[in-house]
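Chains as they are written, first to last, in my numbering: chain A, 1 to 359; chain B, 1 to 323; chain C, 1 to 279; chain D, 1 to 163.
Note that these hints are calculated values from the structure, not bench results.
Mixed in with the good hints there might be a few duds.
[As the list claims (entries may be wrong)] Dumping the calculated SDA-like pairs for lysine to any residue here, alpha-carbon to alpha-carbon at most 25 Å:
id: 1; chain 1: B; residue 1: Lys111; chain 2: A; residue 2: Glu34
id: 2; chain 1: B; residue 1: Lys111; chain 2: A; residue 2: Arg33
id: 3; chain 1: B; residue 1: Lys321; chain 2: D; residue 2: Phe32
id: 4; chain 1: C; residue 1: Lys219; chain 2: C; residue 2: Ala257
[Said to hold, decoys possible] A few chain C residues that don't get close to chain A, going by computed Cβ distances all over 12 Å:
id: 5; residue: Val19
id: 6; residue: Glu59
id: 7; residue: Glu83
id: 8; residue: Met112
id: 9; residue: Asp138
id: 10; residue: Gly251
id: 11; residue: Glu278
[Claimed, not checked] Now the in silico label distances, taken between C-beta atoms and shown as ranges:
id: 12; chain 1: B; residue 1: Pro235; chain 2: D; residue 2: Asp74; range: 27 to 33 Å
id: 13; chain 1: D; residue 1: Pro102; chain 2: B; residue 2: Asp167; range: 41 to 47 Å
id: 14; chain 1: D; residue 1: Tyr77; chain 2: A; residue 2: Gly267; range: 29 to 35 Å
By construction, the Cβ of each residue, glycine as well, lies at the ideal position given by its N, Cα and C atoms.
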Amino acid sequence: MVMTEARFIEKQALPSWLASMRKHRRVLVPQRREGLTLFRPLDPGQDLDLDGLSSEPPKAALLPRDEALFAFRYRRNGDKPPRWGVELIETPPNEPTLVFGSRPCDACGFATTDRVYNAGTRRDTAYCARRDQTVVATLACSRPGPTCFCHRVGGGPDNEAGSDILVTEVAKGYLLEAVSSRGLDFMRESGLKDGAGLTAEAATVRRAARAAMPDGPSLLAAPEHVRAVFEDTAFWERTAAACLSCGACSYLCPTCYCFNITDEARGNEGLRLRSWDNCMSPQFTLEASGHNPRPGKAHRLRNRVSHKFAFYPSLHEGALACAGCGRCIVFCPASLDIREIVSQAMIQTANAEGEPRHD
Amino acid sequence: MPSRLEELKDGIRKALPDLDMVLAWGQGPDSLRRKPLFIVSQADIDKIVWDPCCSPNLAGYLTGLRGKKVGIVVKGCDCRSVVELIQEKLVDRAEVTIFGLHCEGTIDPAKVRATLPGDARGAFGDCRVSDGRIRFASDTSLQNLAASDAFYDKCLHCSDPNAGFCDYFIGERGTPPPVSTAPPDALERLEAMGLEERFRFWEQAMDRCVRCYACRNACPLCVCKDHCLAQSRDPHWVDQTDHPREKLMFQVIHALHTAGRCVECGECERACPMGLPVMALKRALNRQINELFDYRAGLDPEAIPPLFTFREEEDRIGEKKWS
Amino acid sequence: MTEPPKNIYLPALATIIEVIEETPAIKTFRVRLNDPGQMEAFRFEPGQVGQVSVFGVGESTFVINSPPTRLDYLQFSVMRAGELTSRLHKLKKGDQVGLRAPLGNAFPYQRMRGQNILFVGGGIGMAPLRTLLLFMLDNRADYGDITLLYGARGPADMAFSQELPEWLSRKDMTATLTVDAAGPDWPHKVGLIPNVLREMHPSPENCFAVTCGPPIMIKFTIQALLELGFTEDRIVTTLEKRMKCGVGICGRCNIGAHYVCQDGPVFTQAQLRELPGEL
Amino acid sequence: MPILEGKELHIIGFLCNWCSYGGADTAGVGRFVQPTDLRIIKTPCTGRINPLFIMRAFLNGADGVLVSGCHPRDCHYSQGNFFARRRLEVLRALLPVVGIAPERFAYTWVSASEGQRWKTVVERFTEQIHALGPIPAFADPGRIETCLRGQANPYGGSHALTA
């Protein structure tokens with residue numbers, strides 16, 4: 001990490017500082033709600049939950065569950081006799097946001113979507129507008145959960161990819177270190193005390209966290225194995241046998257970014273809506289003729305795992321589209337384990353060692 | 001006296017040769033969760049697990065295995081699902097071999113994690129249930145929870161823990177889970193609120209819904225999940241905006257489409273990643289159906305679900321008087 | 001004020017200037033962009049597609065099947081199949097639609113220069129072939145012999161019926177029509193496209209085959225072409241996939257790591273064989 | 001005819017074409033005076049009425065929903081109202097659980113000749129709904145309303161782009 005400025009804030013001062021940030025931007029933080037930890041606008045009446053991993057990643061900060069791409073309104077125009085003209089109304093997002101308390105795996109999700117939505121020549125204007133107005137302050141992890149495997153997919157408990165500021169919990173509070181120019185500008189006007197003296201302590205905290213990660217072989221070499229097992233339908237039938245083909249894994253995954261576009265209208269006006277979609281749904285590839293290239297759940301699961309561990313890497317210099325957060329394992333109703341699936345593919349096509357027994 | 005697990009394994013070992021597959025439970029990603037196990041060879045039989053964490057209802061997979069000879073291991077509530085599928089001819093009785101068990105109640109991992117102190121989110125050791133207490137080792141301390149703090153709500157007022165309709169009953173029949181004081185469940189909590197408060201409750205709950213349709217896809221009765229009304233463009237019942245109104249509309253669709261059919265197996269709530277009390281709507285309808293037609297789903301394979309038929313003179317439905 | 005970044009999902013408004021009823025199931029729409037400057041500056045290559053919007057219903061992808069050499073209007077031939085196509089079929093002259101075009105890649109017409117061309121079209125699959133055929137007829141000298149085999153279920157299902165007489169009579173191309181079944185007054189061939197193709201026995205010598213049609217027809221036509229000696233990198237087809245964004249972001253139209261809306265819809269058979277088996 | 005804001009509430013009526021729609025017609029022909037809040041949707045039979053119509057109406061903001069069809073044994077399709085009776089009686093239990101007063105929904109039987117009875121039904125039901133007042137609304141009016149009605153779009157302002 002290039003030597004940049006650092007800021008410090010005491011533990012008890014954090015809530016009030018965050019509340020003060022709400023003057024000119026939306027502040028999204030992880031807070032407990034009905035047994036879940038969700039990223040929602042800060043509720044000062046409640047304390048933050050900076051313990052474990054949030055139930056839902058902060059993905060919605062950049063890719064909201066639904067969003068109007070534009071609105072349209074049919075109107076009689078001036079012709080004789082009058083005909084229906086259409087008026088298009090752009091709905092650009094402008095919502096300055098601070099995401100505080102995201103984890104390195106959540107931020108890896110943003111890095112994954114950046115490569116697709118902001119690919120130089122091809123820029124998704126709504127996403128890029130939000131990205132430019134959003135500061136992501138990621139809290140480095142101190143203690144891995146049972147289903148965390150970020151260190152096996154190219155990440156780590158203190159990985160900076162996708163973040164603007166890396167926050168580390170030190171003895172008396174939190175040290176903020178900028179990892180992007182956006183983060184640097186934000187820190188400069190954040191009114192926090194200088195924290196240069198604590199960078200060493202923060203570094204040791206992070207090193208300890210890296211050492212505490214559960215063992216398990218790296219999955220970075222997965223792409224060629226997952227591609228090799230693509231045609232083995234028996235493998236995918238076996239793997240997907242218990243799968244319910246629902247959307248829980250995709251919608252709670254920080255690196256799933258697919259969406260649907262539908263027109264929703266009320267009478268003569270409406271909007272073109274972008275909403276979350278997932279390739280486990282049969283409608284995802286169903287064609288008007290009735291033909292569906294992925295009719296069964298095995299085809300669909302094959303595509304989901306292959307996209308993350310083979311197709312995306314082949315388009316983005318080997319970067320896996322998986323952050324290793326483990327939410328798909330925690331929330332799958334049938335307890336499918338993507339670590340298991342990828343390891344089986346690697347075992348079957350080479351003699352990699354198997355998946356270690358968990359807990 | 002061989003343990004019930006051994007007896008189950010023997011039963012399956014004997015039956016497997018003339019079956020294509022047997023559905024049971026196997027080790028899950030952590031010690032509080034089990035996952036469906038598809039037994040096709042004698043080697044798979046050793047992977048079978050039976051303990052209070054075997055909460056998934058395996059009946060949902062039967063409708064996808066039509067034409068195959070399938071064995072299935074069922075608890076009391078799962079068994080009602082199989083009976084309901086047979087009632088509606090969604091499963092052919094001749095194709096299914098049922099191994100029934102007495103169930104001591106099933107553990108809800110989300111409830112256990114919620115009751116534990118914040119930092120005890122790590123791994124858990126193996127768990128045992130005895131005289132109404134559940135004991136297991138979490139990575140910070142030995143846990144000893146009352147059943148009512150760990151079991152699924154449905155288990156706290158379970159009336160038939162024994163699989164009532166099966167080919168082989170494994171082990172002894174037994175009593176429902178020993179629950180001293182069951183806390184009020186979602187429907188009771190809702191009915192303690194005023195109408196406006198309930199409306200706001202659902203508005204909040206549906207805001208958390210991520211619309212993954214796990215509740216629908218886990219439901220054994222939802223055989224048309226691949227072309228569901230909720231994703232139809234014509235008729236356009238539900239639009240794609242992330243609004244509580246549209247997501248609540250789907251819960252209403254699910255409740256009404258399973259009215260008179262739902263056996264309260266709890267899969268919809270178990271599958272929901274956001275822990276939403278979606279079964280409350282179905283339980284309200286089941287209560288009304290029980291009062292109107294003295295009927296409970298999934299108890300008698302010959303019975304016709306009440307909304308599939310009618311009587312010219314309904315004994316408990318009078319006519320509304322307007323004057 | 002710098003021009004705000006273009007919202008890639010915002011279509012340009014266009015007006016339908018002509019509707020041609022090709023067959024009971026296929027209609028051709030000719031549209032002009034409402035903004036004269038945009039219409040003037042509009043350029044595309046044969047084979048590229050456009051997302052046509054009917055506001056309130058949605059968007060669907062259709063090949064621009066008028067040639068890039070005739071830019072007074074843009075033409076889309078639409079077979080009624082789903083929600084959007086059915087609503088499109090209800091639109092009249094003067095109605096408004098939206099258009100996001102051009103998208104996707106084009107036929108490799110540069111590589112085809114100086115070569116013989118064999119067109120094999122089935123039903124609505126004739127639409128993508130038409131833009132390349134007319135483009136080549138407008139630059140006739142650049143290409144060798146042009147042969148067209150166009151088939152449909154029955155005579156009434158033949159699209160572009162007003163142009164067929166011209167294609168049949170032109171000296172600089174040979175056209176053959178066939179139907180699966182027809183009455184006595186049908187003067188042309190009767191038979192499935194792959195069988196008629198084997199009968200015609202076209203020579204694969206420096207010849208490109210361009211084919212498009214329903215998946216079943218494509219499968220057996222490519223088989224026949226391979227039997228006749230055509231090489232895989234000289235058999236070109238277009239793929240139909242469920243598309244939404246049209247710019248390779250929404251993840252919907254992928255075959256393996258390739259997005260049909262961007263790396264296609266035009267592929268050679270050699271490229272198709274490299275893709276994972278998920279057509 | 002648009003709702004008279006402030007005086008009228010949104011009341012939807014699903015009427016079976018053979019009996020109740022005729023009954024409503026008879027009431028109209030008979031010049032019976034009745035409240036005007038009711039908007040009638042004609043259906044072939046009460047058996048055709050999917051309970052989801054009623055829930056969709058409530059969630060879209062209807063303050064009251066009335067269903068009326070042929071008397072039992074008079075159904076033009078002989079069984080339609082029998083099935084409807086069971087479905088609608090079951091539906092009644094769903095309303096309170098989601099926070100909608102069950103009194104906002106009623107179903108009844110009115111034959112084509114009972115114009116007077118139809119007038120009574122409409123009067124009583126409209127009074128009942130006015131007593132309850134408007135149905136609780138969702139806090140968020142919805143994406144379409146916020147983008148189009150020019151209200152502050154939580155994700156950005158809206159301005160017309162092209163004429």
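Problem - Proposed proximity, Glu34/A with Lys111/B (alpha carbon, max 25 Å) - result: At roughly 11 Å apart (the allowed maximum being 25 Å), Glu34/A and Lys111/B satisfy the hint.
Problem - Whether Glu278/C stays farther than 12 Å from all C-beta atoms of chain A, as the label says - result: At roughly 5 Å from the nearest Cβ of chain A, Glu278/C sits no farther out than 12 Å, so the non-interface label is violated.
Handout entry: Closest CB of chain A to the CB of Gly251/C still more than 12 Å away
Key = violated (4 Å)
Practice task
Verify the proposed pairing of Lys321/B with Phe32/D, using a straight-line Cα cut of 25 Å.
Solution key: With Cα atoms ~20 Å apart, Lys321/B and Phe32/D stay inside 25 Å; holds.
Practice task
Indicate whether the distance between the beta carbons of Tyr77/D and Gly267/A respects the range 29 to 35 Å.
Solution key: With a Cβ separation near 33 Å, Tyr77/D and Gly267/A satisfy 29 to 35 Å, so the hint holds.
Problem - Given pair status - Arg33/A, Lys111/B, alpha carbons within 25 Å - result: With Cα atoms ~14 Å apart, Lys111/B and Arg33/A stay inside 25 Å; holds.
Handout entry: Glu83/C non-interfacial with respect to chain A [C-beta, more than 12 Å]
Key = Contrary to the label, Glu83/C does not stay out of reach of chain A, its closest Cβ about 8 Å off (not over 12 Å).
Handout entry: Agreement of Lys219/C and Ala257/C with the hint, judged by alpha carbon distance not exceeding 25 Å
Key = holds (22 Å)
Exercise for the section: Report holds if the minimum CB distance from Val19/C to chain A is greater than 12 Å, and violated otherwise. Expected result: holds (15 Å)
Handout entry: Separation of Glu59/C from chain A, once the least beta-carbon distance is taken, above 12 Å
Key = At roughly 7 Å from the nearest Cβ of chain A, Glu59/C sits no farther out than 12 Å, so the non-interface label is violated.
Problem - Assertion that Met112/C lies outside the chain A interface [Cβ separation over 12 Å] - result: holds (27 Å)
Practice task
Note whether the CB distance of Pro102/D and Asp167/B lies within 41 to 47 Å or breaks it.
Solution key: holds (44 Å)
The structure shown violates the earlier hints numbered 6, 7, 10 and 11.
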